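Those protein sequences? They're chains U and W, same order as listed. With the working numbering as the guide, the letters of the first sequence map in order to residues 1 to 411. With the working numbering as the guide, the letters of the second sequence map in order to residues 1 to 411.
No wet-lab data here; the hints were simulated from the structure. Every value quoted in this text rests on a predicted model; they were computed, and no experiment measured them. Among the clues, some could well be false.
Repeated chains share a single entry, so a pair holds when one copy, or any two copies, can fit it.
[Claimed, not checked] Computed cross-link-like contacts, PhoX-like style, restricted to lysine-lysine with a CA-CA straight-line distance of at most 25 Å:
{"no.": "1", "residue 1": "205", "residue 2": "29"}
{"no.": "2", "residue 1": "218", "residue 2": "380"}
{"no.": "3", "residue 1": "378", "residue 2": "263"}
{"no.": "4", "residue 1": "263", "residue 2": "107"}
{"no.": "5", "residue 1": "29", "residue 2": "15"}
{"no.": "6", "residue 1": "253", "residue 2": "355"}
{"no.": "7", "residue 1": "162", "residue 2": "172"}
{"no.": "8", "residue 1": "295", "residue 2": "172"}
{"no.": "9", "residue 1": "241", "residue 2": "177"}
{"no.": "10", "residue 1": "29", "residue 2": "365"}
{"no.": "11", "residue 1": "29", "residue 2": "346"}
{"no.": "12", "residue 1": "107", "residue 2": "345"}
{"no.": "13", "residue 1": "15", "residue 2": "105"}
{"no.": "14", "residue 1": "355", "residue 2": "378"}
{"no.": "15", "residue 1": "212", "residue 2": "390"}
{"no.": "16", "residue 1": "105", "residue 2": "218"}
{"no.": "17", "residue 1": "15", "residue 2": "345"}
{"no.": "18", "residue 1": "29", "residue 2": "345"}
{"no.": "19", "residue 1": "71", "residue 2": "82"}
{"no.": "20", "residue 1": "345", "residue 2": "162"}
{"no.": "21", "residue 1": "52", "residue 2": "82"}
{"no.": "22", "residue 1": "105", "residue 2": "2"}
{"no.": "23", "residue 1": "105", "residue 2": "346"}
{"no.": "24", "residue 1": "180", "residue 2": "380"}
{"no.": "25", "residue 1": "384", "residue 2": "107"}
Protein chains: 2
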Amino acid sequence: MKISTVKGTNDYLPKEAALRDYLMDQILKTYQSCGFQRIMTPVIEDIENLDKSEGGENLNLIFKILKRGDKLEKALEAKEEKELSDMGLRYDLTLPLSRYYASNKDKLLAPFKCIQIDRVYRAERPQKGRLREFYQCDIDIIGTTSLTAEVELIITTAQALKNIGIGEFKVKINNRKLLKAILTTAGFGAEELDSVCISIDKLDKIGLDGVKNELAGKGYAAASIEKLAEILSTKPFTLSKASEICPEEESLKEIQFILESVKAVNSELEIDYDITLIRGQGYYTGTVFEVESTKFRGAIAGGGRYDNLIGKFLNDSVPAVGFSIGFERIFGILTDIGYQIPDRKKQIAVIYEEKDFLPAMETAKNFRETHNVALYVKPKKTGKFIDRLKEQGYDGFFIYGQSEELQLIGD
Amino acid sequence: MKISTVKGTNDYLPKEAALRDYLMDQILKTYQSCGFQRIMTPVIEDIENLDKSEGGENLNLIFKILKRGDKLEKALEAKEEKELSDMGLRYDLTLPLSRYYASNKDKLLAPFKCIQIDRVYRAERPQKGRLREFYQCDIDIIGTTSLTAEVELIITTAQALKNIGIGEFKVKINNRKLLKAILTTAGFGAEELDSVCISIDKLDKIGLDGVKNELAGKGYAAASIEKLAEILSTKPFTLSKASEICPEEESLKEIQFILESVKAVNSELEIDYDITLIRGQGYYTGTVFEVESTKFRGAIAGGGRYDNLIGKFLNDSVPAVGFSIGFERIFGILTDIGYQIPDRKKQIAVIYEEKDFLPAMETAKNFRETHNVALYVKPKKTGKFIDRLKEQGYDGFFIYGQSEELQLIGD
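Build the full structure now, drawing on both the sequences and the hints.
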């Protein structure tokens, strides 16, 4: 039998699991303090829901579950790959949420402000920092077009990051409608916009020349490409620059409102308009945002408005906006810097000779009112065992029949 | 798109999710206070590990994940069902733990006392109370044959159940070795024992006559069946009765030690030997135990010793024993009796006119030091909205620009 985990998934040692628990708990508590309610949805979704969900690239990364019994036999005869599976593992928490809302909306507050902290799955090509099983920490506000929803999500997400010791970051914000208006002004056709966005999204990786080459390769007009290149090379490309290009565009005001409101609520928060911010999902319709760690580089949270996704489950159209913390990135950063959990409950060992099991249990019980207490039979090499306890983060020990009081293990 | 969850899985509303969170948190904290350390393992396991794991009936209930890309194409040509999947969803937490221990043992304390609280999957025929996605709460002690491990697991599990308001239950205990010795004395052959156990396991459902008929149908000797029937109809069939049948059997002492030690540590705990207790898994080797709710009927926790499972991953044999709380049964019971979470953080709403968003945010921020605070725009029918808040478990509200102080919502 194989002792390693399957590719792209991890086992977590006790110290790692303790940090993960702590971080998820802190994020949950911050979200709850800001009035969001936790919900839970299944990891497994109907395969059709997943396939039709406009998840962009992620649709190619779905883990599919094999049909069972007679249905599988029939499917095998048909020899059609599509027929083989009836369910799949979710690739994000937004699609399950949309289904959930459609199914339960009469039992929920309106607007509905909710939390999901849970696992998602993507069949990524395994590489450093890319997991196939990972956690996301999402908050969403469903049922309002008011931009106060965007403001609340940004303020809450920033607070959660601060509460877990991720202090230095900036929020970037863009709007799909504004970006499309700018690209249209540059001369791109309506049917070209999504493809142009995909190329712009690679700016970080392939540089401006790379983006220009890719667009030329796609056969777009040279004049439009030049115009876009000029915009992308304007630094900083501010909101007022955008407003010079398409002064009538309504979404300019949307960004303006969000920037001003966030600043008014939390003046210390760094937030800026960024024309190059795309966010991959096909379902975003308006605002998109991302948090970038200025200390550790890279995106640590992202989200946006998806006003049409829930409508796919209902006859009604239902506006919605969400923000998701990339938990694994946060966990990686804090592990790398040796982050210590503040104020955790003290953990000690009661060490005993086998014959003293019952009275040692009694001793442990007394310590348990204030400590986490593990019982261990006294090993031959007690000193070595104490070293192991220290490695595991134990704070002290008590040797039954020998210690007069708790012995602390120093750092 | 389909708005319901896939068969055998559930969405949880905010109040339900809050109860689930609370229960898992209480169970976790109890386990930790007794010196167990939480670990985390992936939901996905290698399909071969699952297939070879001696999980009994559960091996027929594995959700398999379809291969992807070239590998899938090759498998489709072979048209062999077995070739189609490379991974599967775990059906319990014991198999992943065994793999985990084999992989990480040098980094762990010995004996290793650990917690897993997590999801498992079984492709059960959906029926009331049988879920396909559900949680288990496991504690295990790996690396010792000492029966103090069994005692610690029983004491800790009982404490966890008590801490979440499940007060009335009894612990049943049996031992595979003793049961096999008794059956051998009754005249069954070594190769017949597993099959006889499967029939005994149905005693609750089909009664003694049912068991006798089933065994006769399997073609076993009438004399052995009669002898077994006599034993099974002896009420109570005590440990001293068992000792009359096979006085030399070593495992009699094992059960005796566990019963006496548990009583010594917690005299209030009801615990008894039960010859009819089987527990289905093929991997159990010695002690098996189960907690039965005396108030709500049915098993709410179960486990046993599995001294050979980890050895399948290592050259070494490694003894181990575990106890698992069936979370969904507990959640069902507490939901049915309308269990209220004690001492939860108060949840309030700050209600405001759209124009007052920024000062309302400020008001909310002040309340957040002591409360969970949600912001809502004042709806036309405020009274109706307050009723909705009450339904959702809110404790109070504050209308910005109108309330002088927090208005409590009565029960």
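Do the hints match the structure? See the list:
no.	hint	in the structure
1	205 to 29	neither (36 Å within a copy, 45 Å between copies)
2	218 to 380	neither (72 Å within a copy, 52 Å between copies)
3	378 to 263	between (59 Å within a copy, 24 Å between copies)
4	263 to 107	neither (35 Å within a copy, 47 Å between copies)
5	29 to 15	both (21 Å within a copy, 16 Å between copies)
6	253 to 355	between (76 Å within a copy, 16 Å between copies)
7	162 to 172	within (17 Å within a copy, 49 Å between copies)
8	295 to 172	within (15 Å within a copy, 56 Å between copies)
9	241 to 177	within (16 Å within a copy, 81 Å between copies)
10	29 to 365	between (30 Å within a copy, 14 Å between copies)
11	29 to 346	both (21 Å within a copy, 12 Å between copies)
12	107 to 345	between (38 Å within a copy, 22 Å between copies)
13	15 to 105	between (40 Å within a copy, 14 Å between copies)
14	355 to 378	within (11 Å within a copy, 68 Å between copies)
15	212 to 390	neither (56 Å within a copy, 57 Å between copies)
16	105 to 218	neither (43 Å within a copy, 54 Å between copies)
17	15 to 345	within (13 Å within a copy, 28 Å between copies)
18	29 to 345	both (18 Å within a copy, 10 Å between copies)
19	71 to 82	both (13 Å within a copy, 15 Å between copies)
20	345 to 162	both (22 Å within a copy, 21 Å between copies)
21	52 to 82	within (13 Å within a copy, 29 Å between copies)
22	105 to 2	between (45 Å within a copy, 15 Å between copies)
23	105 to 346	between (43 Å within a copy, 24 Å between copies)
24	180 to 380	neither (72 Å within a copy, 36 Å between copies)
25	384 to 107	between (58 Å within a copy, 14 Å between copies)
Checked against the numbered hints above, the structure violates hints 1, 2, 4, 15, 16 and 24; every other hint is satisfied.
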